[in-house]
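Chemist: The opening residue of the sequence shown carries number 348 in our numbering; numbering runs sequentially from there.
Just so you know, these hints were derived from the structure itself, not from any lab. Warning: the hint list may mix true and false statements.
What the hints assert, rightly or not - DSS-like, lysine-lysine: derived pairs with alpha carbons at most 30 Å apart:
| # | residue 1 | residue 2 |
| --- | --- | --- |
| 1 | K856 | K722 |
| 2 | K929 | K693 |
| 3 | K956 | K856 |
| 4 | K966 | K1134 |
Predicted, not measured: the structure shown is a model, and the values here were computed from it.
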Amino acid sequence: MKVSETWLREWVNPEIDAAEIGSQLTMAGVELDGIEPVAADFSNVVVAEILSAEKHPGADKLRICQVNCGQDEPVQIVCGAPNARAGLKAPLAMIGAVLGASDGSSFKIKKSKLRGELSFGMLCSASELGLAESADGLLEIAADAPVGQDIREYMMLNDVILELDATPNRADCLSIAGIAREVGVLTQTQVTAPEIATVEVVSDEQFGIEIQATDDCQRYAGRIIRNVNVKAETPLWMVERLRRADIRSLGPVVDVTNYVMIEQGQPMHGFDFDKLSGGIVVRKAAEGEPLTLLDGREVALNENTLVIADQEKAVALAGIMGGLDTSVTDDTQNIFLESAYFVPEKIMGKSRNYGLHTDSSHRFERGVSPDLQAKALERATQLILEICGGEVAAVNDVVSNPALLDRSAIILQSSDIVRHLGITVDAERVTDILQRLGCEVEVASESWSVTPPVFRFDISREVDLIEEVARVYGYDKIPSRLRPMEPRIARKLETEVNEDILRQLLVAKGYREAVTYSFVPSEIELMLNPAQEQIRLANPISEELAIMRSTLWSGLIPALVKNLNRQQSRVRLFEMGLNFVKTDSGIKQRKQLAGVITGTRNTEHWDTKAENVDFFDIKGDVEKLLAEATETTFHFAAVAHPALHPGQSAQIIDGDNVVGWVGALHPRLEKSLGLSQTVFLFELDMDRVSKKSLSAYKKLSRFPSIRRDLALIVDQSVTASAISRVLENAGVEALTSHSVFDVYEGPGVEAGQKSLALGLIFQDFSRTLEDADINAHVDSIVQLLEKQTGGVLRQ
């Protein structure tokens, strides 16, 4: 927000310069971005009056003007401005004046001859004084301006602009009144607001107001002003103040509403009353309802948009922008002036839905004080009558929430100030700070009962009050010191898995850790998890980041594609983070570990043959992770997943629980993503794999182990993991380990079957096993395998 120092000092005038004001505001949380002059550096320019303007005999577009500049005799000025006329007051650059050029240089005014006529100076436009980028004619000054007065003094051009950046929680600082209040508190200077007199009402006429959307709009005030001269000229002082606030003049009614917004912080709007039908209705829009905005754009409204309507149609986007059809034009005679309070959360983000960001929406989204509406209406009416005239009707002020102005008291303990800040602030100083901030304060012996003002939406707890005391007292006055800390030994359960070890394991295998957004495009979620209901953000950063991810793959796969598109043919990425799933009981977040790989198995090397990764590479990585993360026995089951290749997809199962997935990316997705090489991926639920049993001592046998290899004929549908589960549950204590080390299909094995080669290791802790013992164990195992899998020994 841009604030004129001169305007600010009309409200509060501390004995410090603009730079110090900015410094103190910055220390208090309202950051100063810069200070700039309001006009170029020029001199010897005065208020002058054109006494006569005669046509130049040698040029159609030039006039010879006799000008009163406050000297004994008029001076002759040759001028080409189209609005040069007798009686006009305008700036005159005298001989010797120095003006700034558009390229940043300066030039000196000299006596000159134009088409044979002498000119003793130059009448100036706003652009020639650096007050505007362009101008169509001379800068017209008010008729009561004193001739001969320095124009810098008359227009207060020695003013500077403070560019301030208020944080989103400090909506109360988006006005001259709010900044003045802050400066008054920080410098302990009295704030003097301009008097807002109640305007004399000449009519009891009221325009009906109905608030249907009571949760969104809780106060709406308006009044009719008839016989307004909308062609009146906005006074120069107001145009200048608006310019210094970075707002251009658009006509007296709009200028007044903008002026009140900057001064008081209350956005307003003026309608052409004769274009409204039946009364104002504050309601939600109908889906697809049309509205042409002030900027000429036609929009189709959605049903979540709050609108100001009459009895026939929507006439404005509430809190954002008015409609073109009911706007004030040169033909307007009667206006309806409105001022409203909208609940910030209900307005937030709505302007972006229509590609808009206005001064009004900027304020309403952050919060406008609910006690400003009638005050702002009176101030705007006062200014409109001064500039445009008119006949004022009574205010119709409708409040839909009777408790709108109620604020609960907060108890502030002096001991809590010491505990949080580490210093003792004098009780009288605390009381003064809170009262200057607009709080109602009741003082007790060791505490205060504080009721925050309605414009401070950010104060609701004791710590908020302590923060206010700290920033006004001065953060720079609070000494830095270490907080006293008691040494504590953090106890970590031995059964908890160290996540850093899992990260290190993956890094050792060539993976790089990625951190992706939790917000993803709807399209990628639909590709990877079409059955999962999407969680859409109410106020997304952008439409590409509008959905909460249900799988880490939603971020990893686009990251992999981006790397491949940048000539990285071998990519390995992993991420540990949260995903979000909607359930019957609400939205749940789960911690997961996921990875994606593509390209060659090893980095390029002269001694290694380049081979692409396959399903078993990533399955091996997952098995390594599971072995490190838990001692529970997992198995892999061939189960389809919408994001995975139908023939290379496995579910990772622990008992009855699904703990993850591993497989190749579905060919359909590879094609839609433009991938030319196969991608493999995994995902693990960390909550299900992050617990392991305590380590226990296990005695090693001093007796030799014996290995027996078997070839088992089984059906094609029997998996190696099914064989492993049978062996693990066989109950043969001497069987210490086993493996499936070969698969054969071909001559000697019937179609639809395969031969699995099993390696069985036997060992006893009390004696050396004999052949008879081993044979008995093998026989029982073969019988069990035949019974549970249908497998028979290969002959």
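Chemist: Determine for every hint whether it applies to the structure shown.
Modeler: To see whether the hints hold, each was checked on the structure:
no. : hint         : in the structure
1   : K856 x K722  : violated, 69 Å
2   : K929 x K693  : holds, 24 Å
3   : K956 x K856  : holds, 18 Å
4   : K966 x K1134 : holds, 29 Å
Comparing the model with each earlier hint shows a violation of hint 1 alone; every other hint is respected.
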